[in-house]
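Chains as they are written, first to last, in our numbering: chain A, 1 to 422; chain B, 1001 to 1422; chain C, 2001 to 2422; chain D, 3001 to 3422.
It is worth saying that the hints were derived from the structure and are not from the lab. Keep in mind that this is a model prediction, so the values were computed, not measured. Do not take every clue at face value.
Unchecked claim - Chain D is nowhere near these chain A residues, computed Cβ spacing over 10 Å in every case:
1) Ser-30
2) Gln-112
3) Gln-113
4) Glu-161
5) Asn-183
6) Pro-220
7) Gly-234
8) Gly-244
What the hints assert, rightly or not - Derived PhoX-like pairs: lysine-lysine, alpha-carbon spacing no greater than 25 Å straight-line:
9) B:Lys-1140 - D:Lys-3416
10) A:Lys-416 - C:Lys-2140
11) B:Lys-1274 - C:Lys-2242
12) D:Lys-3167 - A:Lys-274
13) C:Lys-2242 - C:Lys-2274
14) A:Lys-416 - A:Lys-274
15) B:Lys-1246 - C:Lys-2242
16) C:Lys-2274 - B:Lys-1274
17) B:Lys-1140 - B:Lys-1167
18) A:Lys-246 - A:Lys-172
19) D:Lys-3140 - D:Lys-3246
20) C:Lys-2246 - C:Lys-2172
21) D:Lys-3242 - A:Lys-274
22) D:Lys-3167 - A:Lys-242
23) C:Lys-2416 - C:Lys-2402
24) D:Lys-3167 - D:Lys-3274
25) B:Lys-1416 - D:Lys-3167
26) C:Lys-2242 - B:Lys-1242
27) D:Lys-3167 - D:Lys-3246
28) D:Lys-3172 - D:Lys-3274
29) D:Lys-3274 - A:Lys-242
30) B:Lys-1242 - C:Lys-2274
31) C:Lys-2242 - C:Lys-2172
32) A:Lys-246 - D:Lys-3242
33) D:Lys-3242 - A:Lys-242
34) A:Lys-140 - C:Lys-2416
35) C:Lys-2172 - C:Lys-2274
36) D:Lys-3172 - D:Lys-3246
37) C:Lys-2172 - B:Lys-1242
38) A:Lys-246 - A:Lys-140
39) B:Lys-1246 - B:Lys-1167
We put the CB at the ideal spot given by N, CA and C, even for glycine.
4 protein chains.
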Amino acid sequence: MHLDHQRIAEENEAILSAHQTQWDCFRTVSSQSDSYWEECITRLSAMQIAIPSWALGTGGTRFGRFPGGGEPRNLEEKLADVGLLHALSGHAGAISLHIPWDIPDDTAAIRQQAEELGVVFDAVNSNTFQDQDGQLQSYKFGSLSHTDAAVRQLAVTHNQEVIDYGKALNSKSITVWLSDGANFPGQQNFRRAFERTLDSLQQIYDHLPNDWRMYVEYKPYEPNFYSTVIQDWGSSLLLASKLGPKAYSLVDLGHHLPNTNIEQIVSRLMMEGKLGGFHFNDSKYGDDDLTVGSIKPYQLFLIFVELLEGIASESFAWMIDASHNVKDPLEDLMQSVEAILIAYAQALLVDRQALNAAQEDNDVTLCQEIIQQAFRTDVRPLLAEVRRRNGAALHPILLFRKLQIRSALIEERGSKVLATGL
Amino acid sequence: MHLDHQRIAEENEAILSAHQTQWDCFRTVSSQSDSYWEECITRLSAMQIAIPSWALGTGGTRFGRFPGGGEPRNLEEKLADVGLLHALSGHAGAISLHIPWDIPDDTAAIRQQAEELGVVFDAVNSNTFQDQDGQLQSYKFGSLSHTDAAVRQLAVTHNQEVIDYGKALNSKSITVWLSDGANFPGQQNFRRAFERTLDSLQQIYDHLPNDWRMYVEYKPYEPNFYSTVIQDWGSSLLLASKLGPKAYSLVDLGHHLPNTNIEQIVSRLMMEGKLGGFHFNDSKYGDDDLTVGSIKPYQLFLIFVELLEGIASESFAWMIDASHNVKDPLEDLMQSVEAILIAYAQALLVDRQALNAAQEDNDVTLCQEIIQQAFRTDVRPLLAEVRRRNGAALHPILLFRKLQIRSALIEERGSKVLATGL
Amino acid sequence: MHLDHQRIAEENEAILSAHQTQWDCFRTVSSQSDSYWEECITRLSAMQIAIPSWALGTGGTRFGRFPGGGEPRNLEEKLADVGLLHALSGHAGAISLHIPWDIPDDTAAIRQQAEELGVVFDAVNSNTFQDQDGQLQSYKFGSLSHTDAAVRQLAVTHNQEVIDYGKALNSKSITVWLSDGANFPGQQNFRRAFERTLDSLQQIYDHLPNDWRMYVEYKPYEPNFYSTVIQDWGSSLLLASKLGPKAYSLVDLGHHLPNTNIEQIVSRLMMEGKLGGFHFNDSKYGDDDLTVGSIKPYQLFLIFVELLEGIASESFAWMIDASHNVKDPLEDLMQSVEAILIAYAQALLVDRQALNAAQEDNDVTLCQEIIQQAFRTDVRPLLAEVRRRNGAALHPILLFRKLQIRSALIEERGSKVLATGL
Amino acid sequence: MHLDHQRIAEENEAILSAHQTQWDCFRTVSSQSDSYWEECITRLSAMQIAIPSWALGTGGTRFGRFPGGGEPRNLEEKLADVGLLHALSGHAGAISLHIPWDIPDDTAAIRQQAEELGVVFDAVNSNTFQDQDGQLQSYKFGSLSHTDAAVRQLAVTHNQEVIDYGKALNSKSITVWLSDGANFPGQQNFRRAFERTLDSLQQIYDHLPNDWRMYVEYKPYEPNFYSTVIQDWGSSLLLASKLGPKAYSLVDLGHHLPNTNIEQIVSRLMMEGKLGGFHFNDSKYGDDDLTVGSIKPYQLFLIFVELLEGIASESFAWMIDASHNVKDPLEDLMQSVEAILIAYAQALLVDRQALNAAQEDNDVTLCQEIIQQAFRTDVRPLLAEVRRRNGAALHPILLFRKLQIRSALIEERGSKVLATGL
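Please build the complete structure, drawing on both the sequences and the hints.
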């Protein structure tokens, strides 16, 4: 299943005049010049979000999983799905692979397929939270932090191999999410577990090519329910600082305790020059992995407000990391991309100069007015215009449904297949 | 300080053409007919939110309080402040009194002042969480739930007197918020505390006029930090059901444990015919009493989506209950009113028929699209039009600042006064 | 693998004198009479906790599962495991089955096996949170609350069949845990979902034998992450009340929002005569399903303090519901049983008369002294004495290890088997 | 009111034989040698906990305060109260002052009084969260982080003066708790607020004598409800590291988000050599400031288990920081001291060697057995023996009541006084 820009442009034609009206009205009621909007469009066009290979199939919970049809059966089909997302949305020009599931049989062919789709290879991801068939040592009691040096070595070697796979695909970074921790008080010596983890990470770090980055993810709980080795941004920053300049912290929005002010963490990590990237999703309770923007869209906006303090000078890794349990994964990902772009666009609209002045004056009412003025703006016409100019669909989900893409995928792949790596 | 509609209309004039453009564009990009918008305007115009008398001064915390200037020194000045808010916003046509601070010296004069301002008397509020000077028994260990019958009687009598004060002002309801509870395990027998509370409430209930309502508020903690007698909607509903048809539950948005799905509680209470009213505020951690809509605007919208299932047939009490610690209280209240109206207007825009159909089909993607389509709409031109038609200010806060109302109030009342009841 | 009382008594012999010293000292330092302790022993001896069939194998999370060896492969082996637990601890004389996994091939044989082991059949459990192979309709979007009547019928029929299986084994109750809910705002109409659920439950209720009970469990989230149909005790109580006198609420300790005062909920449900039973486990973050007593032993004690207000007149269903991810399941269950008995024994030691007097006096210091006096008492000698008298092991886990029971089970069942139903 | 050791010894006499029986039994059932217990007694005897001057009167909330009688009216009476606590408990040999309330009129006299009571001066505490009468600039919008350099200077100078007051009393440390933060998104630039705070702290740090320490406290919220400048251990550690070797982080148990694993934070800070001290209290919801050990005694124990990894080589500042709203403050403090000592003693009992071995083996069941073996031990006879040897009361609270100390204090000080600084 492939979708070319020609076809999309034809489909856009039918709703172009409605869009033009909205886009005209949008600019009319704004107080900004055309050049202001052109700059916005340029910045928004550049926004590319990596799609993780594991998010292309239906996800589940410990209580069960209800797969849909037409899910990708291999790396080629995963790439094809990301290609569809990118063609429709214009902002999904990257894929993030999960090893061992996404080891390419033919690297050159995969690279060529990606190039044709306009998709690059973002961070590669290792997996030491499950045992693979025939694995000699078990990760039951940890991997990089394990008390047994042999298990640690297995996990280190796996991560080094993941880097090698990534190099072959021109990826430039590895994300390490560690499930290591303890379920019970007393199970683990906190300090020794941290020190062993640092030592293991150092060996992986030493294997990094010079132009690579390592992202150290943190998470307070799950699958361990008493403690985790890298439980918060403080521990992640300690590790990234001790490892060296190529190591950064990675923020997954769902990996925080209740009520955490995530946007402030973003600011702290940027201040220290150690914010590496993001895993976007949303949650109401824990690491719920819901569609980003579906529960707390204002928080997402506030995070982008912070990011824009540093986004000009820094390069961040953006990735969606959600679990699509009850929606079509591709539709869910289109909603995710849209929500991220909305938050980004609204954050761009914040009048920074006025905000700084109001902050200096402690004019709290005005600070809130300025911030909410941006959030309350309906930026969808702007985003549609960005898509139109980049050859993407004015209404990605509507077009996905109109073209019956899921049906075509089911026809091609079957209705009972399981995406690998889930 | 008084603000008449003539003056406001003149001020509106200068920005009327900009508003007209926004309002035209708003309707142009919508797919709705003029009659649709007229009905919206009618419904929105009818929305009146009660201002609690204690919110007109600067609030504080246990760590301190930093008062501003020009705060109202008595009931007349509190009414005047609400009159200003109503003149500016068009949606603040009610005041909620707190006894003992707001006992009128001259009831007839107060009623006349209120009538001239277009302000009615909403629910009256009792106070049994503090001891008043010369009070014979203490509420240190509770009031309506106290182990000592004499303390309970004192609290019951106080509540009955509050009803009497309210009758004189043509109020039609009393809100009972009970701080009773325990700080430590073992301090209180949960069951007997509940039974004593029910008995006390029954005596207050029996004192209610026939056309009155009693609102039973719940709160999980603070000022008691282990347990409260009416800790959640379940206990509130039990009490309201046992008391009788004039008793209802009252939902304060800040009175919930972390991550609570408040909109579902709203639905449950409506299903049982026992949702009585709302205290609007916002919070990130506990009962933070921040400006409603300043932290979780999407949650506020979702609550209104639920409310609209029943709002046609029911009559609810709407009240702001926030603590204005760092903003000018009147500006903060204008932001609160605006946030409530935005959420209400967005909820009106939800396409109910389409949503119901999508829900029946379990088309989760579409459900989210329908809901977010409404939330992402910038309804501010609609609300400005509502204000314009009702003689209120197109931009209340801008006008408040332009007219230097706070300076005038400071001149009139002084810069060092303390609002009573704080 | 079978363990008879003779063998256990022999093993106890070697450590009997140490126990006797501890038991003597325990009574010496207490201020209680022998008859007081005899009554305690009688009450403690009667405490029997049901073991759920799914807890006998290694559990896991959505991220993976690391099975141990010697796990039971069928109902007979599950019963045998519970028999071992009961022989060792003296308090595990019941099993709770999960249908469809535990449908007996030969009901009479199973009943006889259970009788020989001194094990009865506690509540039976239905499963409508997963699709079984060949199932015509899917529970992907709910079961008892589903929008499609055919799916609801499937779920109702399944529950009725579960009751029938239970009848054949002389079970007297069914526990309904419903995973139904929504992952996203707008996905589900809260009210209609509740009404459909009530209607479905009514059909199951009508199928109950006269001497049966139905337990309605509640849970705030997971596997649905925005809302659940039976989200808290309030909704559970509403359902149980509407259904009739045979319906009760069931409290699972892990099914609460952060910071919930669970012991107060216990009191409320008892006050309404609707507390039916308990699922014991512990948690630090969410429904972590850790060993009961491993994280918050004081909370467990406080719950028993409340329960003892009603335990004389009521009959409750006690069940462990935990997930043993990193410990030997049988060892974990022995730790669970011990923790429950400790909390129960400590609660028995609370001087109720003194506590009531201190509560009436609002002598908060004394209330805390009385409560903590009980909690700080080391009741392990008392519990060992209870076990000794009932023919169980003085030190169950030590004996389990000394007898190398797990090795024997691995030899018998293999090291790579998976417990069914996980 | 003064209590001498002679009098206490006499009172102990009457219950000495009961104690001796308990102490004998305690040792009999333990498997430890006499020398083991002697070492425990030595270590426990050395434990001294500072009492903050503000905890000697009745505390309150934003909703009110219900003072008791006989509260200390000045620094001399506060010292006298701490002297009483120390005489009764043997573990309260330090006081922590709060400036401006505790500025001594006669430093030499105060030092002499303290010396006679066996009480030393622990960390001094500054206050920049309230405005004092006549203060030229206001802390309404912050102190050390304020946008206005003049306000920052005021706060810096105040802290430097607090150090000077401390020097005169031979204190060796200052604790800085900063209430600075924001109530609303957008109010504050996170990065600049942090940088200004660091700059201000550096000026205070530069004023420290060579043998002093500075403790940097963190807190996620309250009195600011959107963000605080030093929100968590990560930010506190950043500041302490940037300031220099005399700066440390301070952990207040109530200053964490829901479900935080505090014991792990303790371990992290110790690993970095930056754990400076503790504020002990307990909480169920937020910074509830309840009696330590009254809600989560197991967590308190686990914290001491971690502390004992470093307690030999490090010197920590121990302080109670609670608010006594419904108990007699002195009784509450005696319960606090007892709870801390219990947790400490239980942590001493953990078999470290066995625990380390079990951790290395990933024998999770055994790890839990070892940890809980210690926690379940009733160490009260041991603590009573420690008190007896140090001339303190076998039962401090019983003796406090028997001697009617509160009545004597009311007689001396009056029943309507308010402790200063509350």
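Results of checking the hints against the structure:
No Cβ of chain D comes within 10 Å of the Cβ of Ser-30 of chain A; the nearest lies about 20 Å off, and the non-interface call holds. Distance check for Gln-112 of chain A against chain D: the nearest CB is about 44 Å away, which clears 10 Å, and the non-interface claim stands. Remark: the non-interface label on Gln-113 of chain A is consistent with the geometry, its nearest Cβ contact in chain D lying 42 Å away (cut-off 10 Å). Chain D leaves Glu-161 of chain A outside its interface by the beta-carbon criterion, the shortest separation being 25 Å against a cut-off of 10 Å.
With a cut of 10 Å on Cβ distances, Asn-183 of chain A falls inside the contact zone with chain D, its closest approach being about 7 Å. The Cβ of Pro-220 of chain A sits about 8 Å from the closest Cβ of chain D, inside the 10 Å cut-off, so the non-interface label is violated. For Gly-234 of chain A, the non-interface assignment is contradicted: its Cβ lies about 3 Å from the closest Cβ of chain D, within the 10 Å cut-off. With 10 Å as the threshold on Cβ separation, the claim that Gly-244 of chain A sits away from chain D holds: the shortest Cβ distance comes to roughly 17 Å.
Only pairs whose Cα atoms come within 25 Å are accepted, and Lys-1140 of chain B paired with Lys-3416 of chain D is accepted, the gap being roughly 15 Å. At most 25 Å may separate the alpha-carbon atoms for a hinted pair to count; Lys-416 of chain A and Lys-2140 of chain C meet this at roughly 15 Å. A C-alpha spacing of about 16 Å is found between Lys-1274 of chain B and Lys-2242 of chain C, which places the hinted pair at or below 25 Å, so the restraint holds. Distance check on the hinted pair: Lys-3167 of chain D and Lys-274 of chain A sit about 40 Å apart at the alpha-carbon level, beyond 25 Å; violated.
A hinted pair counts as satisfied when its Cα atoms are at most 25 Å apart, and Lys-2242 of chain C with Lys-2274 of chain C qualifies at roughly 12 Å. Between Lys-416 of chain A and Lys-274 of chain A the CA atoms are separated by roughly 43 Å; this puts the pair beyond 25 Å, and the hint is violated. For the proposed pair Lys-1246 of chain B and Lys-2242 of chain C, the alpha carbon gap of about 22 Å is at most 25 Å, so the pair holds. Restraint check for Lys-2274 of chain C and Lys-1274 of chain B: satisfied, since their Cα atoms lie roughly 21 Å apart, inside the 25 Å limit.
Of the pairs offered as hints, the one joining Lys-1140 of chain B and Lys-1167 of chain B is violated, with about 29 Å between alpha carbons and a cut-off of 25 Å exceeded. For the hint linking Lys-246 of chain A to Lys-172 of chain A, the alpha-carbon distance of about 11 Å falls within 25 Å, and the restraint holds. Of the supplied pair hints, the one linking Lys-3140 of chain D and Lys-3246 of chain D is violated, its CA atoms being roughly 30 Å apart against a limit of 25 Å. For the hint pairing Lys-2246 of chain C with Lys-2172 of chain C, the CA-to-CA distance comes to about 11 Å; that is within 25 Å, so the pair holds.
A distance of roughly 16 Å separates the Cα atoms of Lys-3242 of chain D and Lys-274 of chain A; the hinted pair therefore holds under the 25 Å criterion. The hinted pair formed by Lys-3167 of chain D and Lys-242 of chain A fails the criterion: a straight-line CA distance of about 37 Å is larger than 25 Å. For the proposed pair Lys-2416 of chain C and Lys-2402 of chain C, the alpha carbon gap of about 23 Å is at most 25 Å, so the pair holds. Only pairs whose Cα atoms come within 25 Å are accepted, and Lys-3167 of chain D paired with Lys-3274 of chain D is accepted, the gap being roughly 23 Å.
Under the criterion of a C-alpha separation no larger than 25 Å, the hint pairing Lys-1416 of chain B with Lys-3167 of chain D is inconsistent with the structure, at around 37 Å. About 16 Å separates the Cα atoms of Lys-2242 of chain C and Lys-1242 of chain B, which keeps this hinted pair within 25 Å; it holds. A threshold of 25 Å between alpha carbons decides the hint, and for Lys-3167 of chain D with Lys-3246 of chain D the separation of about 16 Å falls inside it, so the pair holds. Proximity of Lys-3172 of chain D to Lys-3274 of chain D is assessed by CA-CA distance (about 17 Å); at most 25 Å being required, the pair is judged to hold.
Only pairs whose Cα atoms come within 25 Å are accepted, and Lys-3274 of chain D paired with Lys-242 of chain A is accepted, the gap being roughly 16 Å. For the hint linking Lys-1242 of chain B to Lys-2274 of chain C, the alpha-carbon distance of about 16 Å falls within 25 Å, and the restraint holds. The suggested pairing of Lys-2242 of chain C with Lys-2172 of chain C holds, with an alpha-carbon distance near 21 Å, which does not exceed 25 Å. For the proposed pair Lys-246 of chain A and Lys-3242 of chain D, the alpha carbon gap of about 22 Å is at most 25 Å, so the pair holds.
Proximity of Lys-3242 of chain D to Lys-242 of chain A is assessed by CA-CA distance (about 16 Å); at most 25 Å being required, the pair is judged to hold. Simply put, Lys-140 of chain A and Lys-2416 of chain C have alpha-carbon atoms about 15 Å apart, close enough for the 25 Å limit, and the pair holds. For the given pair, Lys-2172 of chain C sits about 17 Å from Lys-2274 of chain C by alpha-carbon distance, which is consistent with the 25 Å threshold. Proposed proximity of Lys-3172 of chain D and Lys-3246 of chain D is supported: the alpha carbons are some 11 Å apart, at most 25 Å.
For the hint pairing Lys-2172 of chain C with Lys-1242 of chain B, the CA-to-CA distance comes to about 32 Å; that exceeds 25 Å, so the pair is violated. Distance hint between Lys-246 of chain A and Lys-140 of chain A is unfulfilled; the C-alpha atoms sit about 30 Å from each other, more than 25 Å. Distance hint between Lys-1246 of chain B and Lys-1167 of chain B is fulfilled; the C-alpha atoms sit about 16 Å from each other, no more than 25 Å.
Taken one by one, the earlier hints fail for this structure at numbers 5, 6, 7, 12, 14, 17, 19, 22, 25, 37, 38, listed in ascending order.
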